[in-house]
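Enquirer: Taken in sequence, the protein lines are chains A and B.
Under our numbering, the very last position in the first sequence is 105; numbers go up by exactly one each time.
Under our numbering, the very last position in the second sequence is 105; numbers go up by exactly one each time.
FYI, nobody ran anything at the bench for these hints, they're computed from the structure.
C-beta: ideal position from N, C-alpha, C; glycine also.
A few chain B residues facing chain A, derived, Cβ under 8 Å:
1. His5
2. Glu19
3. Arg26
4. Leu40
5. Phe92
6. Ser93
7. Arg97
Number of protein chains: 2
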Amino acid sequence: MVLEHVPLEVIPGSEAEFEAAFDVARHEVANSPGCRSIRLARCVETPNRYLLLIEWNSLADHVDGFRNSEAFTRWRGLVARFWDPLPTVLHFSDVVRMDDVTADD
Amino acid sequence: MVLEHVPLEVIPGSEAEFEAAFDVARHEVANSPGCRSIRLARCVETPNRYLLLIEWNSLADHVDGFRNSEAFTRWRGLVARFWDPLPTVLHFSDVVRMDDVTADD
Numbered sequence: 001m002v003l004e005h006v007p008l009e010v011i012p013g014s015e016a017e018f019e020a021a022f023d024v025a026r027h028e029v030a031n032s033p034g035c036r037s038i039r040l041a042r043c044v045e046t047p048n049r050y051l052l053l054i055e056w057n058s059l060a061d062h063v064d065g066f067r068n069s070e071a072f073t074r075w076r077g078l079v080a081r082f083w084d085p086l087p088t089v090l091h092f093s094d095v096v097r098m099d100d101v102t103a104d105d
Numbered sequence: 001m002v003l004e005h006v007p008l009e010v011i012p013g014s015e016a017e018f019e020a021a022f023d024v025a026r027h028e029v030a031n032s033p034g035c036r037s038i039r040l041a042r043c044v045e046t047p048n049r050y051l052l053l054i055e056w057n058s059l060a061d062h063v064d065g066f067r068n069s070e071a072f073t074r075w076r077g078l079v080a081r082f083w084d085p086l087p088t089v090l091h092f093s094d095v096v097r098m099d100d101v102t103a104d105d
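Only chain A is shown next, with the shape it has when bound in the complex:
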């Protein structure tokens, strides 16, 4: 599994329009072979910053599969116009995960 990491800067004032477009566009990613999960989160400190995290079964599912698909063209057509600058995409492999931590609180 590989985690695609995309820090986004959305043109200030277009956040609501971007979120509405993303709500449509995310299905182009979700329906692509090898996609496991999609998460979009908004920055608390700087509200026009977002974080997009997408899990793929493999790096190839993203870079060879999705990026060469018509779905990718549709995805970019829906959301890329809200991004300035275009994001730098990186991929990460898990070292350690602790899910459902239950601290004594």
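Could you slot chain B onto chain A? The hints should help.
Expert: Relative to chain A, chain B alone:
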């Protein structure tokens, strides 16, 4: 719930030592009230880059609670010496999550 986002640059050559130190230090975070999950992942493209993602019940659990605790001092004492520069920490709130996506592959 708030997602703490920490991009890390580890001094090249010290990655294995950092990961061993993190494996001890992560319990200082996990045992802090309000901590939900911890994830450390390593960059595919640039292997001395890491991504640390920590979920907290609230922003206050992180910034008022953990950062003012003795556990935070112990945590930093174990892992911060591997980071150059010190990271910029941001917090994010979920806009949309699609977990366990099952594409037709």
